[in-house]
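Chains as they are written, first to last, in my numbering: chain X, 1 to 326; chain U, 1001 to 1267.
To be clear, the hints were calculated from the coordinates, so they are not data collected in a lab.
A hint or two may mislead.
[Unchecked claim] List time: in silico BS3-like cross-link candidates among lysine-lysine, alpha-carbon distance up to 27 Å:
1) X/K71 <-> U/K1151
2) X/K114 <-> U/K1244
3) X/K218 <-> U/K1265
4) X/K259 <-> X/K289
5) U/K1244 <-> X/K317
Here is what each chain is made of, one letter per residue.
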Amino acid sequence: MANGILVVVIPSRGTLSPSSYELLGAGKVLADALKQPLLAAVVGGNAAALAGDVASRGVAKAFTVEHASLKDFTEEAYAKAAAAAAEKSGAARVILPSTIAGRALAARLAVHLKAGLATDVTEILSDGRVRRGYYGGNLIAEVEFKTPVGVLTVAPMTFPRAETAGAAAPVEAVAFDPGAPKTEFVSFQGETSREIDLGAAEKVVAGGFGLGSAEGFKPLFDLAHALGAAVGASRRAVDSGWIPYKHQVGLTGRTVRPKLYVAIGISGQIQHLAGMASSGTIIAINTDKDCPLMQMASISVQGEYAELLPLITNEIKARKGHAVPA
Amino acid sequence: MALNIVVCVKSTPSTVNVGVDAEGRPKIAGVPTALNPFDEFAVEAAVRLKEGAPGSTATALTVGPDAAAEVLREAIARGVDAGALVTGPEFEGGDSYATSLALSAALKKLHAEKPVSIVLFGKNTSDAGAGVVGTQTAAWLDWASVSAVKKIEAVDDKSVTVLRNMEDGVDTVKLSLPACVSTIKEINEPRLPSLKGKMASKKAVFPKWTAADLGLQPAQVGAAGAGSVVVKAALPPARPAGLKVEGATAAEKAAKLVDILVERKLI
Ligand SMILES: Cc1cc2nc3c(=O)[nH]c(=O)nc-3n(C[C@H](O)[C@H](O)[C@H](O)COP(=O)(O)OP(=O)(O)OC[C@H]3O[C@@H](n4cnc5c(N)ncnc54)[C@H](O)[C@@H]3O)c2cc1C
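This is chain U alone, in the form it adopts within the complex:
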C-alpha cells in the first residue's frame, strides 16, 4: 500500500514580535522567514506516514514568493522527497480563501499526475493564524477533512482513521481518501534535519506553477481573489501600569493579594 502524501507548508516571519508602519501595515520587511512552526509537525507526520508504508512518496507544497522555496528545502532536509512551488505576483496578498483555492488547484494537478492519498497541514500559521486553510482546501476539492488531529491511528489505501482533539475529549474519525488532515503539536516530536536530508535539499529543484499553469484566473487568487482584507493593523492597547503587592513576609503578601481579588470581585 504505497501512499502519495502531500504536506502544505508556509514561509512565515520567524518572529511574531513585529511593529506597525505609518500606513498601518505590519513591519515585516527584512524580518527573516522560516518554516511556520506548526508545519514542522505536519512535515514530521508526512515523513512518518511515508516511512510506515513502503513505496510511498511525500511532497511539500507551498504558495509564496520565490524565496518560499526555502521552506520546501527545509521540508526535504527533514525527510520529504520533493517540493512544488506555486508562485507569481498574482498570488500576493491572498487570504485563506484565495490561498486555499491555489492549493486546491495545485493538488488537482498533482492528483492528476498520481492520485493523492493524504494532504497534511499544520494547525495554523504564526502570521495570519486563521487555522482554516486545510479545511478550505478540502472544501474546494470536495474531499473529506478533519482538523485538530493528534494521532493518525491507521491508514490503508482507502481510508485514514485519526484521533481528533476536541474541547471536551477525543473523537475517533475515519475518512475516505483522498483527505485533508490538519494536525496539532501533540501529534509527534519533529526530528531535526539530517545530514543526508540537507544534502538532498541543496540539490532539489522544484516545479514552479503560476496561476495560468493551474488553470486559475489572476482575479481568483492573491489580493484580487481574497474574500476579506486587513484594512489596518495596530498594536494592542497598552495595559495600564500594574499594581505591586508589597509585604514584609510571604503571608502578608498572600493576604494582600487575596484582599485585592475580593475587592475586584475576582473571587
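The following block holds chain X by itself, in its conformation from the complex:
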C-alpha cells in the first residue's frame, strides 16, 4: 500500500526558491495529518548539490534525480524523472508547487500515477482532505482523493517554511530513463528589471483605472519600492495599456496571496477580487468610499491617490530612517 508524503522540489535555474521550504512545510502538515513519513525528491540539473539542504529540513528520506536531460525545465523529461522518484518512494501523496513548472509536472504525474489531482491547495485538513478556491476564489472547495495516490500543488505563501531540524536524512539517487525527448529547451531570457515576482510576493501594491494614466503608476511604483512590494494592476489598467499584462491580478490574471495588498484606484469587481481576496491585510485607497474594495478592505483610506501616495511613501521612508532630502 502506498505510504509516505513526497514533496517534489524543482530547483529553478539550479537554485532552491523559498517556495521549496513552503512545500516541505505543507508536507509536514499532511504527514502529521495522515501519520505517514515525510519524504522529499529533488528533481533537476543541480539536484545532488541541493539535496543536503532539503534533507536537513525534517524529512525522513530524500531522493535525487539528476540527468543531463534535466538541465532546463521541459514537461515530459521532468515528469518522467519525478515519476521515477514517486514510484521509488512508494508515496501516497505527492506535493508540488503551484508554479508553471509545478502545475505541469503535477498534471503529468497524476496521469502517470493514476492519481487524483488537486491544484492550488490553500489548506490541509486533519483527515487529509484539502481545500482550494474555485469559481475564481469565490467559493472554497473541499476535495477528497478517490485514488490510492493523490497529487497536489500548494498555493504560494500559504504554508510555513520548514526550518533546518537536526541531522540530515539519508539521500538516495534515483535513476531514470528520459527516452527520446519530444521537447527541446532552446533558451532562457531572464527578467531584466529587478521587479519582484507577483505570485510569491509578500507585499503587493496594485493600481487600477483610477490612476488615470501610465503616468499615474509612477507614484505607485515609488510606494512599491518603499515597501519592497511587487506591483499589480486591475484589468482596466492593463487593457488601457498603462502597464503590461504580467502585472494583472484577478480571474484572467495572476492569483496573489501576500501578507499585505494595497489596492489603489481599484473598484473591486468580483473578477479582481478573484485574484487577491485571500490576501492578509488589504488596504484600499479610493475616492469612492462605497466601492466594493473599500467595503471589504481591512483598512480603507478615502482620498485622491495623487495626493496620498507621495505622502505615504515619504512617511514610510522617514520611518525607515531614510528621510528624503527636501
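Place chain U with the ligand on chain X using the hints.
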C-alpha cells in the same frame, strides 16, 4: 505546410459570482453559460495559426452536455472551421483527470482520421480553474506539451517553437508535433465574431461522440472516472469589518496609515 489544428474549449458559467445551496453545491442552475474566457485566446491562436498556413483546418472540441455545442458555435463564429462534441450522461461530474482522458480519446479519433498537428488550450477555466487539462491530455496521448505560452514563434510540419512565460523570465522551447500547447492571455487580442462566422456557426452541425464511440468505458469518465471529488463547497470566511483611516488632511491620513502599518508590523 497545412496544419490540422484542434482547440479544446469549455462552456462555463458566465459569472464566478455564485453562491452555495443547502447541500454545499455551487448554485449554478439557471446561470447563463459562455465560452470560458481564457479559451477565447486559444481560439484566436488557432485561427491565426490556420491563417498563417494555407490549407490548414481548425476544429473546436468540447466535452459537455448538448448545450455545450453553443461554445463550438462561438468558436466557429470567431473563425474556426468545425466542431466536435463529446457528450452523454456518463461524462457528467468529471474532474480534470477524467475530462482529459475523454479529450485524449477524441483527439485519437481525430488523429486517426487526419493527423493532428497542434492542440491548443486556454490557461484554465473560470469554474474549476485547475489549469492542467492541456498537460493531462498530452500525458494520456504521450505527446509533447507546454503551458503558459505567450507566443507561437515558428511552426513547420514537424515542430512548433514557443515562448513560455515563467515566473522569472521567458523560455524558448521547441516541441515535436503533435503537441499540446496551453496559452495565456498575453498571446493575442481575440477578434470579435464576424458576420460570416456567425452565419457559418448557425449552419454548423457537429458530430456527437459518446464514451462508447471513443472506446471508453463509462467507469473511466465523468464522476465515476474522476480521481478527486469536491465533497463540499462553501463561501470563503467573511472578513472582519475594516478600519477607516480618517483625518482632516491627506498628510494626516498618510501618517495615520503608516502608524497602523508599523503597529501591525507590516513595514
Ligand atoms: C471575463 C472577465 C474577466 C475579467 N478578469 C479581470 C481580472 O483578471 N482582473 C481585473 O482586475 N478585472 C477583471 N475583469 C474586469 C472587472 O470586471 C473590472 O472591469 C475591473 O476590475 C475594473 O478595474 P478597476 O477597478 O481598475 O476600474 P474601475 O472599476 O473603473 O474602478 C476605478 C476606481 O478608481 C477610483 N478612482 C478614480 N479616480 C481616483 C483617484 N483620483 N484616486 C483614487 N481612486 C480613484 C474609482 O472610485 C473606482 O473605484 C474581468 C472581466 C470579465 C468580464
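We went through each hint and held it up to the structure:
Note on X/K71 and U/K1151: the hinted pairing holds, with a Cα-Cα distance of about 23 Å set against a maximum of 27 Å. Restraint check: the Cα-Cα separation between X/K114 and U/K1244 comes to about 51 Å, which exceeds 27 Å; the hinted pair is violated. Taking the CA atoms of X/K218 and U/K1265, the gap is near 26 Å; set against the 27 Å cutoff, the hint holds. The hinted pair formed by X/K259 and X/K289 meets the criterion: a straight-line CA distance of about 23 Å does not exceed 27 Å.
With a C-alpha separation of about 23 Å, the suggested pairing of U/K1244 with X/K317 holds against the 27 Å cut-off.
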